[in-house]
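Here the protein sequences come in this chain order: A and B. Residue numbering for the first sequence follows the numbering used here, beginning at 15 and increasing consecutively. Residue numbering for the second sequence follows the numbering used here, beginning at 15 and increasing consecutively.
Derived by calculation from the structure, the hints in this document are not laboratory data. Take the hints with a grain of salt, since some may be wrong.
You can't tell identical chains apart in this list, so a pair holds if it fits in one copy or across any two.
Stated by the list, open to error - Quick list of in silico lysine to aspartate or glutamate cross-link-like pairs, DMTMM-like style, CA-CA up to 25 Å: (1) 125 to 148; (2) 50 to 150; (3) 50 to 161; (4) 27 to 89; (5) 50 to 158; (6) 50 to 89; (7) 50 to 26; (8) 50 to 115; (9) 125 to 26; (10) 125 to 160; (11) 125 to 100; (12) 27 to 40; (13) 50 to 195; (14) 50 to 162; (15) 27 to 161; (16) 27 to 172; (17) 125 to 40; (18) 50 to 164; (19) 50 to 148; (20) 50 to 76; (21) 27 to 150.
Protein chains: 2
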Amino acid sequence: MTTPDSGPSRWEKQESSLLARTRIFDLDQIRYRHPKRGAARDFVVIQPPDWVNVLALTSAHELVLVRQFRFGIDDFALEIPGGMIDAGESPLVAGARELLEETGYEGGEIKSLGTVRPNPAIQSNRCHIALATDVDLVGPTSWDTDEEIEVFLRPVDEVLQLARSGGITHSLVLNALFLFEPWWREMRARGV
Amino acid sequence: MTTPDSGPSRWEKQESSLLARTRIFDLDQIRYRHPKRGAARDFVVIQPPDWVNVLALTSAHELVLVRQFRFGIDDFALEIPGGMIDAGESPLVAGARELLEETGYEGGEIKSLGTVRPNPAIQSNRCHIALATDVDLVGPTSWDTDEEIEVFLRPVDEVLQLARSGGITHSLVLNALFLFEPWWREMRARGV
Numbered sequence: 015m016t017t018p019d020s021g022p023s024r025w026e027k028q029e030s031s032l033l034a035r036t037r038i039f040d041l042d043q044i045r046y047r048h049p050k051r052g053a054a055r056d057f058v059v060i061q062p063p064d065w066v067n068v069l070a071l072t073s074a075h076e077l078v079l080v081r082q083f084r085f086g087i088d089d090f091a092l093e094i095p096g097g098m099i100d101a102g103e104s105p106l107v108a109g110a111r112e113l114l115e116e117t118g119y120e121g122g123e124i125k126s127l128g129t130v131r132p133n134p135a136i137q138s139n140r141c142h143i144a145l146a147t148d149v150d151l152v153g154p155t156s157w158d159t160d161e162e163i164e165v166f167l168r169p170v171d172e173v174l175q176l177a178r179s180g181g182i183t184h185s186l187v188l189n190a191l192f193l194f195e196p197w198w199r200e201m202r203a204r205g206v
Numbered sequence: 015m016t017t018p019d020s021g022p023s024r025w026e027k028q029e030s031s032l033l034a035r036t037r038i039f040d041l042d043q044i045r046y047r048h049p050k051r052g053a054a055r056d057f058v059v060i061q062p063p064d065w066v067n068v069l070a071l072t073s074a075h076e077l078v079l080v081r082q083f084r085f086g087i088d089d090f091a092l093e094i095p096g097g098m099i100d101a102g103e104s105p106l107v108a109g110a111r112e113l114l115e116e117t118g119y120e121g122g123e124i125k126s127l128g129t130v131r132p133n134p135a136i137q138s139n140r141c142h143i144a145l146a147t148d149v150d151l152v153g154p155t156s157w158d159t160d161e162e163i164e165v166f167l168r169p170v171d172e173v174l175q176l177a178r179s180g181g182i183t184h185s186l187v188l189n190a191l192f193l194f195e196p197w198w199r200e201m202r203a204r205g206v
C-alpha cells in the first residue's frame, strides 16, 4: 500500500520527554509535527520492551495454560506463558526461557508464528508469538517476585472453544490462537 | 475454574495515586496487599475508558478498513474503525458513531461479537468488538483533530489472509477477525 498525496501524512517525530518511569515501561511525551499543516502536537506513548507469548503444545495435543492474578484488570486471567524479552535476547530464546520459568515445560522445537502490535495508537512495542512443540514437564518453576501461577493443560480444541466463548479474553493470547489455528488445522488434516 | 487454596491468591487493592493524566488515559500507582504473605507492593495501571472496534460488512461481503498514522508505533497501521466509548454511551451506539464519523458508513444492524482485555497485566479497560452488517456509505466523514484516515473496502477473505500474513498487526483488529471468523464461515455455509 502506497501513501498517495491525498492520503494520511506521516507526521515527523520531534523532541521527546519522560513523563513517568515504571518497572514495566517508560511513559514519554513526544512532539510530532504535521508535514503539511506545520502544526506541532504532543502525544503520549507507552514504551515497554518487546514481549513474547508462547503456545506450548504437548505431544498429546494439549496446550500449556497459565492462570494468574493481573493487577491491570484487578482479577484473574487465563493466559499462555510469556513475558518481557531481555535486552539482547532473541524472541524465541526469551519465549523458551519464559515457558520454562513460568511452567517448568520445555519444548523440542520453538518457532515464530508472527508479531503483533499490542496497541499502535499509544504503545510502541511488539509482541512476538512463538509455538513450542512436543513440550514436556522437565523441572520446577522459577517465578519472579509477585508471580503465583497455576499451570495446567487443556486440549487444543477446548482452548479454541474457550477463546471464542469469552473464557479467554486476553487480547494477545487470542492473537496467538488466531495465528496458530491454520497451522493446527493443517496438522490435523495431515493426521499427525 | 475455581481458586483452590493452593492456587494463586487474589491480591487486595488498597490506596491509589495518580502518576500522570493524559488525553487518552490516567496512569495510576495502586498499592496491593497479598492476603497470605501480608506484603504490600505498588503496581502501575494504565486506565483508559473502554474502547469499541467495528467490523463493518457491506452487502457485497467487503469489510471497511481504515489506514492512519499511529503515534505509538511511529508508523501507519491498517485497522478497522473504532475509538473511545463516551461516558454513559453504550458500546454499540459508540461503535455505530465511530464508524460513521471515521468512514461515513452506516449499517443496517449492529451487534456484539464479544469483549476483550487489551492488556490485563497493566491496563484496566475493555475493548468491545461489534459487527455492523449491510453498511453503506451514507455521508461525509467527521474526523477528530489530528485524524486523517484513508478509508477503503476489501473482500472478507482478503482481509483474513492479510491478517494471517503480517499485513494487519494491530492486536485488537486481529481479535475482531478471530471472533468474526466463525460467524463468517457459518454465513458462507448457509450460502448467504
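> For the identical chains here, do residue 27 and residue 89 meet the 25 Å Cα criterion within one copy, between copies, both, or neither?
Replying inline: between (37 Å within a copy, 10 Å between copies)
>> Within a copy, between copies, both or neither: which one fits residue 27 and residue 150 at a CA-CA cutoff of 25 Å?
In response: neither (47 Å within a copy, 36 Å between copies)
> Within a copy, between copies, both or neither: where do residue 50 and residue 161 come within 25 Å Cα-Cα?
Replying inline: between (49 Å within a copy, 14 Å between copies)
>> If the cut is 25 Å between Cα atoms, do residue 50 and residue 164 qualify within a copy, between copies, both or neither?
In response: Classified as between: cross-chain Cα gap 16 Å, same-chain 53 Å, threshold 25 Å.
>> I want to check one pair: residue 50 and residue 89. Are their C-alpha atoms no more than 25 Å apart within a copy, between two copies, both, or neither?
In response: Between copies only: 17 Å across chains, 46 Å inside a chain, cut-off 25 Å.
> Using 25 Å as the alpha-carbon threshold, which applies to residue 27 and residue 172: within, between, both, or neither?
Replying inline: Close neither inside one copy (45 Å) nor across copies (33 Å); limit 25 Å.
> With identical chains treated as interchangeable, where does the CA-CA distance between residue 50 and residue 158 reach 25 Å or less: within a copy, between copies, both, or neither?
Replying inline: between (48 Å within a copy, 17 Å between copies)
>> For residue 27 and residue 40, with the copy left unspecified, which applies at a CA distance of at most 25 Å: within, between, both, or neither?
In response: Both, since 17 Å and 23 Å are each at most 25 Å.
> Between the shortest in-copy and the shortest cross-copy C-alpha distance, which are at most 25 Å for residue 125 and residue 148: within, between, both, or neither?
Replying inline: Cα proximity of residue 125 and residue 148: one copy only (12 Å, versus 40 Å across).
> Quick one: residue 50 to residue 162, C-alpha cut-off 25 Å, is that within a copy, between copies, both, or neither?
Replying inline: Classified as between; 12 Å across copies, 52 Å inside a copy.
>> If the cut is 25 Å between Cα atoms, do residue 125 and residue 160 qualify within a copy, between copies, both or neither?
In response: The answer is neither: 29 Å in one copy and 39 Å across copies each exceed 25 Å.
> When no copy is named, should residue 50 and residue 115 be tagged within, between, both, or neither for a Cα gap of at most 25 Å?
Replying inline: between (50 Å within a copy, 23 Å between copies)
Checked against the numbered hints above, the structure violates hints 2, 9, 10, 13, 16, 17, 19, 20, 21; every other hint is satisfied.
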